[in-house]
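> The C-terminal position of the sequence shown is numbered 89 in my numbering, with every residue numbered one higher than the one before it.
Derived from the structure by calculation, the hints contain no laboratory data.
Fair warning: there could be bad hints in the mix.
Stated by the list, open to error - Pair by pair, the computed Cβ-Cβ distance ranges are:
id	residue 1	residue 2	range
1	Arg72	Ser13	18 to 24 Å
2	Arg3	Pro45	29 to 35 Å
3	Pro70	Ala47	31 to 37 Å
4	Pro45	Glu14	19 to 25 Å
5	Val8	Ala47	35 to 41 Å
6	Arg51	Ala25	30 to 36 Å
Here the structure is a predicted model, which is why all the values come from computation and not from measurement.
Cβ atoms here follow ideal geometry from the backbone N, Cα and C, with glycine treated the same way.
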Amino acid sequence: VVRRADGVQDELSEREAELLRYLAANVGRAVAREELLRHVWRLDPRAIETRTIDMHVANLRSKLGDSASPPRLLVTVRGKGYMLVNIAR
Numbered sequence: 001v002v003r004r005a006d007g008v009q010d011e012l013s014e015r016e017a018e019l020l021r022y023l024a025a026n027v028g029r030a031v032a033r034e035e036l037l038r039h040v041w042r043l044d045p046r047a048i049e050t051r052t053i054d055m056h057v058a059n060l061r062s063k064l065g066d067s068a069s070p071p072r073l074l075v076t077v078r079g080k081g082y083m084l085v086n087i088a089r
C-alpha cells in the first residue's frame, strides 16, 4: 500500500512494489530497461521487445500521484531508462 501526501491510499501489485523497491535502492541513478527486466522481472533482456516496463511505470506514477508536471518523483531519462528522484532535503 502506498499513501500519497493527500492521504489517498492505493494497493501496489507485487511487480509494482518490486519495481519501486529496486528504483528506491538505486535512487538518483537512471536504471536501464534491460537492468529492470533482469532484476525485477528476472528475464534475459536480449532479443526481448516489450512495453511492460513502461506500462508498470505509468501505473506506478498514477498510484503515487506523480503528475506530468515537474517536479516528478519517477522520471524518464531519455535513452537511459527510469530514475527515482531523491526528494529528501
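> Output the indices of the hints that this structure fails to meet, ascending.
6
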